[in-house]
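K.L.:
Letter by letter, the chains look like this.
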Amino acid sequence: MGGREHGRGDLTPALLDTPVWSDALVESAGIPVRDAPFVTVGGGIGSFVLVDYLRIAGVPTSDIRVLSNIDQPWQTYQYLTRVSQIPEPERIRSDSSSRPDNIWGFPSYALSEAWRDRTIRPLLHVLGEPIFADYWTPRVGDVFTSMAREAARIGYSRMLDRGVVRMVRRRDKGGYFTILTPPEGTSETRRIAYRSRFAHVAVGYPGLRFLPDLQEFREKYGDYTRVVNAYEPHEHVYEFLKTRPGTVVVRGGGIVASRVLQRLMDDRERHNLQTRIVHIFRTFVTGAHGPHLWARRKGGDGWAYQGFNYPKSVWGGQLKARMRKLDGAERAALYKEMGGTNTPKRRRWQQQMRAGREGGWYEAFQGVVERVEPGVDGTLTSIVTSDLTGESATQKIGSNYIIDCTGLEADIAEHRILADLLSHAGAGRNPLGRLDVERHFEIKGTASGDGALYATGAATLGGYFPGVDTFLGLQVGAQEITDDLARRGFCRRIGPIRSATQWVRWALGRPVKEA
Amino acid sequence: MVPVLLGRIQTRLFLLAFVGSAVTAIVTPLVGATYGTTFAILAAVAVLGVGWELLYHLLMQFRWEKDWPSLFGLLTAVPEGLLLWALLKRGAVPTVDAAPSLAAYAAHFLAVWIAVWLVANGPMRVPFPRWRFHGGRLI
Ligand SMILES: Cc1cc2nc3c(=O)[nH]c(=O)nc-3n(C[C@H](O)[C@H](O)[C@H](O)COP(=O)(O)OP(=O)(O)OC[C@H]3O[C@@H](n4cnc5c(N)ncnc54)[C@H](O)[C@@H]3O)c2cc1C
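Top line first, the protein sequences correspond to chains A and B.
So the mapping is simple: the numbering used here equals the position in the first sequence, first residue as 1, plus 782.
So the mapping is simple: the numbering used here equals the position in the second sequence, first residue as 1, plus 175.
Don't read these hints as lab results, they were simulated from the structure.
Using N, Cα and C, we set each Cβ at its ideal position, and we do this for glycine too.
Incorrect hints may have been included.
Claimed, not checked - Straight-line distance between alpha carbons at most 20 Å, and here's what the computed SDA-like set of lysine to any residue pairs gives:
1. A:K1080 to B:R305
2. A:K1118 to B:A279
3. A:K1107 to B:A192
4. A:K1080 to B:P302
5. A:K1178 to A:Y1003
6. A:K1107 to B:R312
7. A:K1127 to B:R312
What the hints assert, rightly or not - Residues of chain B placed beyond 10 Å of chain A at every Cβ, according to the derived structure:
8. L217
9. A221
10. V222
11. G224
12. G226
13. M235
14. K241
15. V253
16. P254
17. A273
18. A279
19. P302
Only chain B is shown next, with the shape it has when bound in the complex (with noise of 0.2 Å):
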């Protein structure tokens, strides 16, 4: 999938809803964390993903062919993972008091990353044949 602004601002959305909910029911207490805090982390990569999502596209634009390579969609787990836990750290992650281990963090971010990013890289196509078509949106 090639994606427009409001595509690349549903498609994570909807993942997130459906992928990374399901992800961080499982993994929440194999990383022995709270669901308070596991699903405040998944609300916030949420919120703070359509500023990133802005982000992306701008970059996007000096991309002749307008795409957004896989890899790409992979690779910003980094700077994205990077700035939640820097704000987990100060707590300006609001309902979270204190920041999880560095290791249950990492774990379940990155489980909810790869599984989102997995999802949209195929599977998404089965039950939505014409996402694909039209730059990520599903509405």
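Isolated chain A (complex conformation) (with noise of 0.2 Å):
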């Protein structure tokens, strides 16, 4: 153990059965306490803009804790954004105006490119979108440099401790504690408990979860490297076509699909590669589709189109109105009309796709694949059911690789964190099955004497704000938490003189003054 006595200030029998702490019983335990008014957990672009949001609305650092196992808020959505073909002069999905590292998202990431490159082009674009080009989007490396000189305006490295977070308990007078793991060697203890008013969760993606046939395929054959998730690294497939010509089946209607495909068909060009490609669509869109007039998405060649994840209204307008509103079924069921998996339409996707038609290396048909064996010469065959015009037929489908491109997310109990919230917390489900929020994200059922427990990003999802897991649904999320900490008497409310001296200092880059 490191030198470190086992046991020692580590969580108690007691202390793991007790729903709601007392000072007396964390002591009893020897985990050593330190207080701190607000802590947010995570420490990825959730507690970013949160804590953005409270510096300028006046909270000083010395109030706020972020507990976090990274070092960087970005670090996760890089990984993650760098596996799933992304890489950093590449543009992301969300608009110009979705910037985390500012509250107003004014300038624009357009506005800043025009300004630094000294060109109107953005601006045009942006002015034409969507009707004219597709959405304007930053470059992804724009986004991680913009947030760096954010963190270091609000002394974001300051407010950070690092560890893995284990659990967030009531505490009996109040407030909570947060019980952290600090890393190897740098603590007396094997935990240490944060007291606090008040808390924010933001944990990002509970987990990521396979294809059931995908995952049984790679327990019974023990054979992680041919049939991989787009979440995890698997350049290794994109060398092995470099090598010899190769078949992929890529499963999956979202925009990661998208992405894997533009990289396995610019890789093609560009090294005069013979890659044939096989994409399977669960569920195949064959144009607009909806309930009714006022209600239809566009779509074609299997696809769902839509810019954002969700219909653009859902950060602001009519969309955002209406579910405010809405509980239990009636709820759920706008989600349903709005959700399903979705791309946006991009001319640049839509070449490269026909492309691969008309040259028969490109096929994409409905199917449900029913397994996946080793096949011969360490191949792929994957037993593939499709439903043609209302009969269904088999069919066997050879491939050197076949990449998971369906989707990340486990179910919020796979999380530790979330697990116990619900379990001994008084934490509840949503009518999506997730955690369930209030309007303003405090998680319902957890309140705890004058102190409240907050949560945003996607274990949300389902709640009365659908575009959770997004920089804008995040900061949404940010701005409801200041607001609702400002009624509570923990900072001060935003107002218009106190949110334009804050731009100012926000555009000469000053930093945010301690108190």
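Join the two chains into one complex using the hints; note that each chain is given alone, in its own frame.
P.N.:
This is the structure we're talking about:
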């Protein structure tokens, strides 16, 4: 145990079993207690944008603790974008005014890029979107650079404590205890308890989920290289295809599938390869679809097309206002109506797929994969049932690799902190089965004295606000939480004058003051 | 900002009152019109605008995303400007007996329009950080 006495300052059975802790209970376990009025757990983009808001509202760094296993708030996002084929010069999905480094979204990324590169092209592009051009979106590298600048401006590193959070529990006299396991060798005890009036949980995705048939294949044959998930490192697939002609099965109809196709097709063009691509959609969209004239989304060639992961008005327009009023089954129904896997209809991607269809090396169809088996010569065979005009037909598809692009999200209970909130802190599930939060993002059922516990990000999908797992959605949440904290007297409400003066400081690159 | 109906109307009235008035105050002497006329025109843009916003809101319902691209916000100057010009010519705008010259009208109208559109597409968010998440509502 690295010279550390096991069990010293560790969780005890009494702590594990008691839902509401007293100071004495924590002390009796020998766990040191640190006080901070506000603690945020996760330290990703969700924590970052909330802390940014709080700092701008005037909260000093000494009142905020960020508990995280990463140093830079964009690190997890950077990893996921890189493996899923968005290298730094590439452009991301969200739009010009979704800026995690700027609570106002002004200047937009397009305006900043125009200013920096002394060109009005990004601005003309934004003017024409989405009618005459695809949505203009920023380069992923610029997103990181701008966040680094803002992190320095608000003193982010002064608020960060490294470690893995184990749980958040209510405290009998109000507020919460957050248990952190600091990195080996950095602390006398195995755990540290943070005692705070307020806490916030933004832990991103609870876990990676695989398609059941692919999981079964991997476990049965112990083969983790030929069947891969797009969110895992899988560069070896592209490297293999550079050495000899091969076939890849791509599964899924979302933006990650689009990115993977682009990579395969770019490589094919750049290196003159013979790659064949077989693309299987579970739901194959053939055209515009939706219940009625006022709710019809574009689609074709298998895909449902949409600029962002939800219709744009989810982040501030009509759909946001509508969802905010709905509960239970009605809310679930509206999620269903506007949800579903989709991808932007980008001109470049359309061209590439057209060329592939014409050249006979890209083929897409509807199918449900029953199972995957090893084939001859190290290939894979997918047994696929397609529903061709009402009749189901089974076919066998051979390939060298299968790339699963179907999604990330495991059940929230797969995440330790979230599971503990459900079992010990009074949290419940919303109509989509995720963490149930109020309109102001307080986790329902977890109030503790004069304290409050909040959550933002993917774990809260299914709430009164749908666009949670996006930069802008995280900022919507951060704003709601900051306003709620102001109502509770923790910070001041950002009014027009404070907002404007703070914006000027942002524009000049001046640090946010301590008080 | 992706508007809701109330947000459209509030934003229009607010921006015409502040930005529109400021621009009108500056532009009026430059185009050689009287303040009485230009401010009456500004008021007409605001009043007729409530009707226009109802129409835009209706048209927006045909869009899956229920969004309103910023280009639309610029191009709607054409029908609105033409209608108001026709009304001016007929003497249908209260307190304006004689329409200004077409050039003076166009310069004033477009200056106001573009200024309002520019402010709505960014600077508005500087003092009002909640505005864009509330569909353009200020209250
Ligand atoms: C490939 C991809 C592309 C995306 N592109 C866009 C886009 O273009 N635009 C957009 O708006 N959104 C995009 N998103 C969605 C979303 O905005 C990002 O995923 C964003 O990073 C979510 O922020 P978060 O804080 O919820 O999660 P994260 O940024 O993942 O942060 C959560 C952090 O919590 C940490 N953590 C978890 N458990 C613990 C624990 N027990 N103890 C300590 N730390 C813990 C994790 O390590 C992680 O670093 C994309 C997502 C993906 C996967």
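K.L.:
Against each hint, give a clear statement of whether it holds in the structure.
P.N.:
Going down the list of hints, with the structure as the test:
{"no.": "1", "hint": "A:K1080 to B:R305", "in the structure": "violated (31 Å)"}
{"no.": "2", "hint": "A:K1118 to B:A279", "in the structure": "violated (53 Å)"}
{"no.": "3", "hint": "A:K1107 to B:A192", "in the structure": "violated (32 Å)"}
{"no.": "4", "hint": "A:K1080 to B:P302", "in the structure": "violated (37 Å)"}
{"no.": "5", "hint": "A:K1178 to A:Y1003", "in the structure": "holds (19 Å)"}
{"no.": "6", "hint": "A:K1107 to B:R312", "in the structure": "holds (17 Å)"}
{"no.": "7", "hint": "A:K1127 to B:R312", "in the structure": "violated (31 Å)"}
{"no.": "8", "hint": "L217", "in the structure": "holds (23 Å)"}
{"no.": "9", "hint": "A221", "in the structure": "holds (22 Å)"}
{"no.": "10", "hint": "V222", "in the structure": "holds (24 Å)"}
{"no.": "11", "hint": "G224", "in the structure": "holds (19 Å)"}
{"no.": "12", "hint": "G226", "in the structure": "holds (19 Å)"}
{"no.": "13", "hint": "M235", "in the structure": "violated (8 Å)"}
{"no.": "14", "hint": "K241", "in the structure": "violated (4 Å)"}
{"no.": "15", "hint": "V253", "in the structure": "holds (16 Å)"}
{"no.": "16", "hint": "P254", "in the structure": "holds (17 Å)"}
{"no.": "17", "hint": "A273", "in the structure": "holds (37 Å)"}
{"no.": "18", "hint": "A279", "in the structure": "holds (27 Å)"}
{"no.": "19", "hint": "P302", "in the structure": "violated (4 Å)"}
Hint compliance for this structure: hints 1, 2, 3, 4, 7, 13, 14, 19 are not met, and every other hint is.
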